[in-house]
Amino acid sequence: MRILLVEDSVRLQRTLVTGLQREGYQVDATGEGEKALRLALSSEYDIIVLDIMLRGMDGLQVLRELRAAGNAVHVLLLTALDTVADRVAGLNSGADDYLVKPFAFEELLARITSLLRRSFAHKSNSIMVGGLEIDMAAHRASFEGRDIELRPREYKVLELLALRRDSIVNRAEIEQRIISDPDSIASNNIDSSISLLRRQLRQVGCPALIRTRRGEGYILSGS
1 MRILLVEDSV
11 RLQRTLVTGL
21 QREGYQVDAT
31 GEGEKALRLA
41 LSSEYDIIVL
51 DIMLRGMDGL
61 QVLRELRAAG
71 NAVHVLLLTA
81 LDTVADRVAG
91 LNSGADDYLV
101 KPFAFEELLA
111 RITSLLRRSF
121 AHKSNSIMVG
131 GLEIDMAAHR
141 ASFEGRDIEL
151 RPREYKVLEL
161 LALRRDSIVN
171 RAEIEQRIIS
181 DPDSIASNNI
191 DSSISLLRRQ
201 LRQVGCPALI
211 RTRRGEGYIL
221 SGS
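Here the sequence shown is numbered in the numbering used here, starting from 1 and rising by one per residue.
Heads up, some of the hints might be wrong.
Unchecked claim - For each label pair, taking beta carbons as the anchor points, the in silico distance ranges come out as:
| no. | residue 1 | residue 2 | range |
| --- | --- | --- | --- |
| 1 | D82 | A137 | 33 to 41 Å |
| 2 | E106 | H139 | 18 to 26 Å |
| 3 | S142 | E34 | 45 to 53 Å |
| 4 | A137 | M57 | 15 to 23 Å |
| 5 | L81 | H139 | 34 to 42 Å |
To be verified - Pairs of lysine to any residue, SDA-like flavour, derived with a Cα cap of 20 Å:
| no. | residue 1 | residue 2 |
| --- | --- | --- |
| 6 | K35 | T79 |
| 7 | K35 | R11 |
| 8 | K35 | L12 |
| 9 | K101 | D58 |
| 10 | K35 | M57 |
| 11 | K101 | R11 |
| 12 | K101 | T79 |
| 13 | K35 | R67 |
| 14 | K156 | V88 |
| 15 | K35 | R22 |
| 16 | K101 | A29 |
| 17 | K35 | V88 |
| 18 | K156 | I219 |
| 19 | K101 | R199 |
| 20 | K156 | G130 |
| 21 | K156 | E175 |
| 22 | K156 | I190 |
| 23 | K101 | R198 |
| 24 | K35 | N71 |
| 25 | K101 | V88 |
| 26 | K156 | K101 |
| 27 | K35 | Y45 |
| 28 | K156 | D191 |
| 29 | K101 | E32 |
FYI, nobody ran anything at the bench for these hints, they're computed from the structure.
Just so it is clear, the structure is predicted and the values come from calculations on it, not from any experiment.
Beta carbons: idealized from backbone N, C-alpha and C, even for Gly.
Make the full structure from the sequences, and use the hints.
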């Protein structure tokens, strides 16, 4: 997954690039609006994380130019501006989501994952990973045509891993994904869900696609 990060604070940009790369994302970064627009129009990104307050061309102008050029990439705005008028201006300019500074890195990851889910849902209702198919419309999974019996909790975990395929998903992200289930939050319950999910995949002949990165999280890979 490829992200364009547009943030003019050198310290925050460096922190976010390091964190996103650690999560498995490929990241291009700049703090200049004009350069951001050139990159966005000349390269293909899955998501653009765009600060409003930039040197030269501001984030809203970048966004408006991007939409005027017909580019529909998902854009998450970052800003310290938090009035209703500010949020409305951002959304009316074509933003898909809006995150107010300061924010927790885990919330940024959760919002990126949500936008990725919407992007996949727009292109297709299914995600394919090495013979494993996740049907996001029906909330079902199968392997080479064989249905996999999953509880809602395990389905949510599998869908998250599939959306972030080939990238590390940490425990905090899994907690965010299944937070609606209060019995799911304990760390040992996450381990149990992963263990059960692996067992359910094996039962239909699915190879070991879910791997543990000790101290980091889990990764789903079809290779």
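Structure-based check of each hint:
| no. | hint | in the structure |
| --- | --- | --- |
| 1 | D82 x A137: 33 to 41 Å | holds, 35 Å |
| 2 | E106 x H139: 18 to 26 Å | holds, 24 Å |
| 3 | S142 x E34: 45 to 53 Å | holds, 47 Å |
| 4 | A137 x M57: 15 to 23 Å | violated, 39 Å |
| 5 | L81 x H139: 34 to 42 Å | holds, 37 Å |
| 6 | K35 x T79 | holds, 19 Å |
| 7 | K35 x R11 | holds, 19 Å |
| 8 | K35 x L12 | holds, 18 Å |
| 9 | K101 x D58 | holds, 17 Å |
| 10 | K35 x M57 | holds, 9 Å |
| 11 | K101 x R11 | holds, 14 Å |
| 12 | K101 x T79 | holds, 6 Å |
| 13 | K35 x R67 | holds, 16 Å |
| 14 | K156 x V88 | violated, 31 Å |
| 15 | K35 x R22 | violated, 24 Å |
| 16 | K101 x A29 | holds, 18 Å |
| 17 | K35 x V88 | violated, 25 Å |
| 18 | K156 x I219 | holds, 14 Å |
| 19 | K101 x R199 | violated, 41 Å |
| 20 | K156 x G130 | holds, 19 Å |
| 21 | K156 x E175 | holds, 10 Å |
| 22 | K156 x I190 | holds, 12 Å |
| 23 | K101 x R198 | violated, 38 Å |
| 24 | K35 x N71 | holds, 16 Å |
| 25 | K101 x V88 | holds, 17 Å |
| 26 | K156 x K101 | violated, 28 Å |
| 27 | K35 x Y45 | holds, 15 Å |
| 28 | K156 x D191 | holds, 14 Å |
| 29 | K101 x E32 | holds, 19 Å |
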